[in-house]
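Those protein sequences? They're chains A and B, same order as listed. Going by the working numbering, 176 is the number at position 176 of the first sequence; the sequence numbering is gapless. Going by the working numbering, 415 is the number at position 31 of the second sequence; the sequence numbering is gapless.
Since the hints were made in silico from the structure, they are not lab data. As the structure is a prediction and not an experimental result, all values here were calculated from the model. You may find that some hints are simply not true.
List of simulated lysine to aspartate or glutamate pairs, EDC-like, C-alpha gap at most 20 Å [what the hints assert, rightly or not]:
#1 80/A / 106/A
#2 464/B / 490/B
#3 736/B / 704/B
#4 729/B / 162/A
#5 345/A / 574/B
#6 537/B / 574/B
There are 2 protein chains.
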Amino acid sequence: MPVVGMAGGGQLARMTQQAAIALGVPLRVLAGSAGDSAAKVVADARIGDDRSLDDLLAFAKGCDVVTFDHEHVPGPHIQKVERSGVPCRPDAAALAHAQDKLVMRDRLSALGVPCPAYAHVPPAAPLAFLEAFAEEHGWPLVIKATRGGYDGKGVWIAEALDRETAEMVGRLRTEGVDLMVERHVPFRRELAALVARSPYGQGAAYPIVETVQEGGICTEVIAPAPGLDEDTAAEAQRLALGVADSLGVTGLLAVELFETRDGLLVNELAMRPHNSGHWTIEGARTSQFEQHLRAVLDLPLGSTEPTAPCTVMANVLGGDDPDVYRRYIHVMAHDPAVKVHLYGKDVRPGRKIGHVTALGRDLDEVRERARHAADYLRWGEKKR
Amino acid sequence: MPVVGMAGGGQLARMTQQAAIALGVPLRVLAGSAGDSAAKVVADARIGDDRSLDDLLAFAKGCDVVTFDHEHVPGPHIQKVERSGVPCRPDAAALAHAQDKLVMRDRLSALGVPCPAYAHVPPAAPLAFLEAFAEEHGWPLVIKATRGGYDGKGVWIAEALDRETAEMVGRLRTEGVDLMVERHVPFRRELAALVARSPYGQGAAYPIVETVQEGGICTEVIAPAPGLDEDTAAEAQRLALGVADSLGVTGLLAVELFETRDGLLVNELAMRPHNSGHWTIEGARTSQFEQHLRAVLDLPLGSTEPTAPCTVMANVLGGDDPDVYRRYIHVMAHDPAVKVHLYGKDVRPGRKIGHVTALGRDLDEVRERARHAADYLRWGEKKR
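Sequences and hints are given; from them, build the entire structure.
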C-alpha cells in the first residue's frame, strides 16, 4: 500500500484519516504537536514544523506522495521534496495559485476566468493608490494580504479613506504585509464549486453548493445550492474543472464564487479538502476526503452523486462552555439522524471545532435541523 | 471527552475508529501487536494480550468504559476490570451468552426464544450420546465447541456415526474441548437481526438482513432481506430487542437466525459490531460502529433508517496475489460508486481482508456490482 503523507495536523487531515482507513491506505501526518486535531487520531503522526525544510524532508522520506491540509508550506520547500523523489500533489507550481491571491488573480485573468476588478497595492503611497482605485470602482474596497490569510483573516473592508483605513494600511505596511485591493462585489450570494483532478487528467465535479458566511467564517453550506438554474450550475462546474486543468491541479480544488447580477466571479481558490465540501461525507457517494486521496494516488475518481435531495452542513463554533460532550445527549435525542463531527480541538469562543450534517427532502426542515444541532452544541440551552 | 477502550485490535476496532473520529471520542485499543488491523490506525494503541488480566487492567486504567471487538476476553477478567471502577459494556454476565454457546442455548430456551434442538455432549461416552441424539433428531448433526469458535471454526457437521466422526470427537476429547450437539436445521436461508441497547435501556433495531455463507464464512449480506414479509421482519427485530433486554446487553447485539418452514430459530449471538452490519457504514443513517459507541457511552441511539432501497455488502477474501492495491484501478474505474474497505491485514488465501458495499434501487444490479468488486479484489482477471 502506498503511504500518503499530509503536511498539517488540522481537521482536514483528521477527516482524511477516516477515508484512508476505509481504503486501507496508510496516512502519515506532519503535525505541530501531539495535541493537534489529526495527531490525536493517526497512528503515524510525526511531530514537526511543516514550514521547516528539514522537518518536511524528513517527513516526506518513505512517503509515496505528499499532500497538504493547508496552504502554508513554502513553495521552494515543496520543490525540494519533489526533487528528493517524492511527488507532491498539488505541486508547488499549482499550489502557488492558492498561496498567493495576486498570483491567482493574474493567472485567472490571463485565462479569461471572471474575477472582481483588482490591483496590487504599491508599497509606496498605498493610500493614494487606494483612492484612485476607489474612484474607478467605488467604495467600499476589499483590501487583502496577498499571502497567509484564512477564515476571513487577512481580509479587510475599507468603507472610505478615513482615519481607520489609513491606520490599518499604515500598520500592515509596517508589518511588511504585501497588499492587494479588490472591488467590493455586490453579490447575491456565495457559491462553491468543488472538483477533483488526478495526475492522469481525470476530473470530477460535485454539485454546486451555497455557502453562508458570518463575519468571514463559513457557518452553513447547502447542497445543492437552492434555486440555482442548471445552466449556471453547469457553468460553475466547467469553470472549476477548467481552472483545475489549466493550473495542473492534482487533488481537490475548491473554487469560492460570487453569484452576481452579471454572472459568476471567482473569489478564492483552495487546493485541498474544503469546508464547503464537508457535506459530502454523508451527502455524496464519495466524500471529498476519499476523493482527495484517490486523486493524489492517481486512482480513478469516485462518484460525486448526492445521496439525498438536500444536505445542509453547519459549522459548530466554540461557545463559552468548553464541555461540548455534555450537550451530545440533547442533540442526539432531539434528532437521531443528525450527524455530529467534532475535531478534538480545544474550545475557544468562535473557533471552528466541528460540524453537523443533516439530510432529507425538505430544505427548510433539513436546514433547521442542522442549525439547531450546531447552535445547541455551541450554546446549550442559553440561546433557545 | 470520555475515553472508550476496546479490547482487541481487529477490523471491528479499526472501523470503530472511523466513528470515534467523527464523534470526537478518543478510542484506545488493546492490540496484540503494532501490526494489527486497528493498531495501524489508532493513535492510542496499547500493545498487550487481552486475555491477560494484568494487561487488561493496565489498559482499562484511564478508560471511561471498556468494550470488545471479540468474545475472547475471559469473564472473570472483565469482572475485575469492573471492580476496578471501569464499566465494561457488555458486562461479563451478558457477554457470557456470546462466549459460551451452551450457556446461550440454556438461557434462550428458558426465555422461550426458539432455538434448534441441542444438548451438551457428556465427556464420557460422547459417541453413544450423539447416536441417541441422532435417533431423536436425525442425521446430520451439528457438533460445536461450546467456547472459542468463530467464522465456522469450532463447528463441525457429522453426517453419520462413521470413522471420521469418531476420530474427530476423539481428537477434540483429547484436546479437552467441551462439546455440544445440535439438530441440523433445514433452513431456507440465514438472516441476521442487529440491535443496540444502552445502559439507560433504549433499544434500536436495524432492518433485518439476509446473510449468505460459504464454508462457514459470510460472503454476502443483503439489506433488507429480500422478500421478507413485514411480520417476520418485525418478529425478528422484537426477538433481538427482547434478547438484548433479557440478557442486559449494552452495546450491539447481533442475532444470527435461521429462517425455516416453521419460523425463525436463533443460531448464534454476538455482542459487538458484526460482519452482518458492515453495510450500515453507507447503508444506514447511523453505522453500527457509531451505534456501538453511542450505546456503550449511554448516549441516545442513532437512527437506523436505511439510506437506499437496497444495500449489498460482499466480503473480500484473500487470493493468491497479495497486491490487492494493484487491483483498485480496475474496481474503481469499473464502478465509481462502489465503496471499498480494506482492513490493513496481510493477505492469506481465504482470509477476510476487507469488504465492499454497493447501494441502489435494483437488487440484482447492486448485488452484481458488489460481487464483481469483491471477486476482482480477490482474483483480478483470473476469475473473469
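Earlier hints that do not hold, by number: 1, 2, 4, 5
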